[in-house]
Amino acid sequence: NAGVTQTPKFQVLKTGQSMTLQCAQDMNHNSMYWYRQDPGMGLRLIYYSASEGTTDKGEVPNGYNVSRLNKREFSLRLESAAPSQTSVYFCATRGTWNQPQHFGDGTRLSIL
Amino acid sequence: GENVEQHPSTLSVQEGDSAVIKCTYSDSASNYFPWYKQELGKGPQLIIDIRSNVGEKKDQRIAVTLNKTAKHFSLHITETQPEDSAVYFCAASAGSSNTGKLIFGQGTTLQVKP
Numbered sequence: 001n002a003g004v005t006q007t008p009k010f011q012v013l014k015t016g017q018s019m020t021l022q023c024a025q026d027m028n029h030n031s032m033y034w035y036r037q038d039p040g041m042g043l044r045l046i047y048y049s050a051s052e053g054t055t056d057k058g059e060v061p062n063g064y065n066v067s068r069l070n071k072r073e074f075s076l077r078l079e080s081a082a083p084s085q086t087s088v089y090f091c092a093t094r095g096t097w098n099q100p101q102h103f104g105d106g107t108r109l110s111i112l
Numbered sequence: 001g002e003n004v005e006q007h008p009s010t011l012s013v014q015e016g017d018s019a020v021i022k023c024t025y026s027d028s029a030s031n032y033f034p035w036y037k038q039e040l041g042k043g044p045q046l047i048i049d050i051r052s053n054v055g056e057k058k059d060q061r062i063a064v065t066l067n068k069t070a071k072h073f074s075l076h077i078t079e080t081q082p083e084d085s086a087v088y089f090c091a092a093s094a095g096s097s098n099t100g101k102l103i104f105g106q107g108t109t110l111q112v113k114p
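Protein sequence lines, in the order shown, are assigned to chains F and H. Position one of the first sequence corresponds to residue 1 (my numbering), numbered consecutively onward. Position one of the second sequence corresponds to residue 1 (my numbering), numbered consecutively onward.
This is chain F alone, in the form it adopts within the complex (with noise of 0.2 Å):
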């Protein structure tokens, strides 16, 4: 997708692995958000940065961490990898309060 890069696209950790999803958006959007989708359960929100400096926990925080390094970055950390934590992980990112989300094309994480 233009405009949300996210790496690495593919990663394989063993438990209690750390690893950090790097997410770069050059739309000039204030707001990000980390998703993860399983199947059969949509899409659910980590966290979220209304805008640079602030950041939000979502519906399914619990094992993550992030950081909004500046207004172009968003950095989803998973300390202690778990088999639970397998799934792939979208970056969102939202201008104004009237624009809609645009996604990157998600990085697949497989955890064992």
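Hints listed in this document are in silico derivations from the structure and should not be mistaken for laboratory results. Please note: incorrect hints may appear among the correct ones.
Partner residues are not named here, just some residues of chain H that face chain F (Cβ under 8 Å, in silico) [said to hold, decoys possible]:
1) P34
2) D49
3) T99
4) K101
5) F104
Listing some non-contacts, in silico: residues in chain H with all C-beta distances to chain F over 10 Å [to be verified]:
6) K22
7) R61
8) I62
9) S74
10) T78
11) E79
Using C-beta positions, here's what the derived DEER-type ranges look like [stated by the list, open to error]:
12) H:A29 to F:G95: 21 to 31 Å
13) H:Q45 to F:G16: 33 to 43 Å
14) H:Q45 to F:W97: 12 to 22 Å
15) H:E15 to F:G53: 45 to 55 Å
16) H:S28 to F:Q22: 29 to 39 Å
17) H:Q14 to F:L69: 46 to 56 Å
18) F:N65 to H:N53: 31 to 41 Å
Think of the CB as a built atom: it goes at the ideal place given N, C-alpha and C, for glycine as much as any other residue.
Dock chain H against the given chain F, drawing on the hints supplied.
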């Protein structure tokens, strides 16, 4: 907590037929309802959205209707084509749309048979 229910989970139609996907939401403060299309290996892409001050919105073959009283909204795709095959997600804003927080439905896999 806030919840969005989406039905059906799978939908198969013949090319040229119409497809309808329905969602219900629980938060009466929700005022923004987007629909996303997700193709295999890609992120969700917005196809249409509607705000609570409007009952219906159309964009070519796609339309969305909203019934705030009943707290449900629907996606209608007419004259379906094979390239419409994908997973579709509805979403509702968590409360007002100020934070941008969205609650997603579980998704509908649409298959359009040639």
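List, from low to high, the hint numbers that the structure doesn't satisfy.
Failing hints: none at all.
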